[in-house]
Amino acid sequence: MRDRAREWIDADREDRREFRRWIALSVAGHALLLALLVWAPRPSSQAALPGAVMVDLVAMAVPASDAARPSRTPPPARTAPAAPIPPEPKPAPQQPAPPPPPTHEAVLPKEPQREPDKPKPSPKPEPKPEPEVAKAKPEPAPSPPKPEPPPKAPPAPDYDDVLSSLRAERGETRPERAPAPTAASPGAASAGAVAVTPEVAGWLRAARIAVRQAWALPAGFRNQPLETHVTVELDAQGNVLSEPRVTQRSGNPWYDESVVRAIQKASPLPRPPEAGSWPFVFRPEDLG
Amino acid sequence: MRGSADRVHLLLRALALSLLAVAAAARAEDRPAVVVTNPNEHTFKAAVQEFAPGAPGLDVAHFRQDLVDALDFSGIFTSIDPGAFLGPKRTASLGSEPAITCPDWAQIGADALVQGETSAAAGGIAVDFLVWDVPRCRTPLRKRYTGSASDSRRIAKRVADDVVAAFTGKPGVASTELTFISSRSGSQEVWVMDADGGNQRQATRNRAINAFPSWTPDGSSILYMSYQYLRSPHLFRLVRSGSERPGRLFESLDSKAAVYRGVPDPSGQRIAAVVSVDGAPEIFVVDADGRNPRRLTHDPAIDVSPTWSPDGKRIAFVSDRAGSPNIYVMNDDGSNVKRLTFDGGYNAAPAWSPDGRWIAYEVRVGGQFDIWLIDPEGQTNAPLVTHPKSDENPTWAPDGRKLAFASTRRGRSDIYSIDVDGENLRRLTDGAGDNKMPSWGPYPR
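Taken in sequence, the protein lines are chains A and B.
164 is the number that the numbering used here gives to position 143 of the first sequence; each next residue is one higher, with no gaps.
234 is the number that the numbering used here gives to position 229 of the second sequence; each next residue is one higher, with no gaps.
Because the hints were derived from the structure by calculation, they are not lab data.
C-beta atoms are modelled at their ideal positions from N, C-alpha and C, and glycine is treated no differently.
Treat the hints with caution; some may be incorrect.
Cβ-to-Cβ under 10 Å is the rule here; a few derived chain A residues that face chain B [to be verified]:
1. Pro219
2. Ala228
3. Pro239
4. Asp256
5. Val267
6. Val281
7. Arg282
8. Gly297
9. Phe301
Ranges between beta-carbon positions, derived for each pair [said to hold, decoys possible]:
10. Asn273/A <-> Arg147/B: 21 to 27 Å
11. Asp256/A <-> Pro315/B: 45 to 51 Å
12. Asp256/A <-> Arg431/B: 44 to 50 Å
13. Arg270/A <-> His303/B: 23 to 29 Å
14. Pro289/A <-> Asp435/B: 45 to 51 Å
15. Thr268/A <-> Gly273/B: 53 to 59 Å
16. Glu295/A <-> Glu102/B: 34 to 40 Å
Isolated chain A, as found in the complex:
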């Protein structure tokens, strides 16, 4: 129980830290935007950077929420799988030490217990009956550099994954939806989209923490590229009103069930910004 409380405190502290970072970045972002607007030689810059900058600035309803993200995403080096050690592709076997003589004949007793009737208490030679190659070879230890036990073989997260996770966090379940409407058509954008205001961002985090705490997932399901999308009906108090609806299956029904169970178990969730249906995305491993 205390552990749980401690986790909550830690998470809360992290939240606050992140919020401060968010504010700072927001200020910085706005300053930068202002600077760009004032200083940038308009015609040429727009021509030179047609896509990236435009889309980015417009798509970010709250630019800082995105600006804050990269600090939590993994550094590029993390794209390589952590634990697995690729075997050195040595074409030739290692130093051609003199092959140990097939010691099995020497090790095995030539006359093994011929009198099966007598319980022979005499010290029997302890044979490794299968011709084990001599273990006494003085060869350097392999000295595996990684002592941690779990054989983690996580799929290498690539930038697409990171991007899609960022998008998912902003509610864009599909990357194709990324190009947002331009600022010139605010009507179209505001039809249904919920802006990620600080309040919404705070709730997303609180809800994530609450469900994560309720979610039980044994080792066999981890380290796997499982992703389940669920729509959850919430009332204003955060009560889960009906069985969450799986909108995208992971391919593993027991994983999907663990996800639905986690949401039910976490009910009531922290009070949502508004009642209604909210999308949830579940992955065993964080990319960060």
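Knowing the structure of chain A, use the given hints to seat chain B on it.
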């Protein structure tokens, strides 16, 4: 007229409702998603009630303890102390329409609730049980076992394995067995024990040297190497029931040929055997009755320790053809030999996982052995068990979630089990003597 107006009205209402539903669905998509990763809990929490009594000779408190022990052994579940229960500690009865107060169980954090009742049945006892998915308030499983009162522990383990299956799709392995070699009686004999280390019993009493026991995939018999009767080692079969005569296999082979080990393939139709015909041991494949031997390796070096891929199409083995022992993989006809390990001076004892993803093997580090996992293509290689003392001879449980191995970490050699994520280490043997060469048996039939 009136009716048709009503119908139109109803139709309009349905239309409006469905439009609303569509609008609501669209809104969910327009909202930002809560992205949940890194779940906190690594085990499901299970509340296990004492089953309703009624079976003669069955102590429901003992039964519950056996069930809880088996669930905890799984590494998949952790049981909740009954002291925390808000609902009843004992099942009243399983009616035809069983009901519980789900929030009582949800509130104590239960993912699962197991309840049941025991009764007298023809020939002994019956145990009926029910698994609840508490947060969803559903019952994914209801089942009945019958047996004699002396079977109660076995039944408790079967129940636990079923509970694991209800939540993961794959049964637990509490009801499986391991065979191993122990010197506790004074000679190297074949022994059998339950997966949790219980019920250890001696299977051979020939006072000769016996080694490398290996289950047939149906669990009906154990192949093992023995020096009994003969001057050279041969392969023998231990049979669980009396229907088949145990005895020596491979009588069709040259009687001078030494047979060091036999490992049945996943279908039980063939045996990969280590046979020494003209010097160095080679890997053969023979039919399950010992006939029709086919030699797979043709190398002056030592080729030993075969292990089958779960589809039976490939064999991993150990060879010192490149100077020091390393793991190799070949097709089941001996073609397409590929070296898998390159690091370290001594890699041996490969064991192919039931899901095909890993080959566990022992690596010499300094003067002792650790257990590592490598994938069959040799892309990923990672340690599983590291300890200053030796850990050897890995063998997989049939669910692929656990392994057993022999370790000298306590001085003498003992058999241990561990989950594949490196958690849940347990010592299974504690008798005198050395205990080694474990082979994990299949699911019970």
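Here's how the hints hold up against the structure:
1. Pro219: violated, 13 Å
2. Ala228: Since the shortest Cβ distance to chain B is 5 Å, the answer is holds.
3. Pro239: This interface hint holds because 5 Å falls under the 10 Å limit.
4. Asp256: With a closest approach of 13 Å, the Asp256/A hint is violated.
5. Val267: Violated, because the Cβ-Cβ distance from Val267/A to chain B comes to roughly 12 Å (cut-off 10 Å).
6. Val281: Cβ of Val281/A sits 6 Å from chain B, so the hint holds.
7. Arg282: Hint holds; Arg282/A Cβ to chain B Cβ min 4 Å, cut 10 Å.
8. Gly297: With a closest approach of 6 Å, the Gly297/A hint holds.
9. Phe301: Result: holds, 5 Å to nearest chain B Cβ.
10. Asn273/A <-> Arg147/B: 21 to 27 Å: Check passed, 23 Å falls within 21 to 27 Å.
11. Asp256/A <-> Pro315/B: 45 to 51 Å: With Cβ atoms ~49 Å apart, the hint holds.
12. Asp256/A <-> Arg431/B: 44 to 50 Å: Given range 44 to 50 Å: holds, Cβ gap about 46 Å.
13. Arg270/A <-> His303/B: 23 to 29 Å: violated, 49 Å
14. Pro289/A <-> Asp435/B: 45 to 51 Å: holds, 49 Å
15. Thr268/A <-> Gly273/B: 53 to 59 Å: For Gly273/B against Thr268/A, whose Cβ atoms are near 44 Å apart, the range 53 to 59 Å is violated.
16. Glu295/A <-> Glu102/B: 34 to 40 Å: holds, 39 Å
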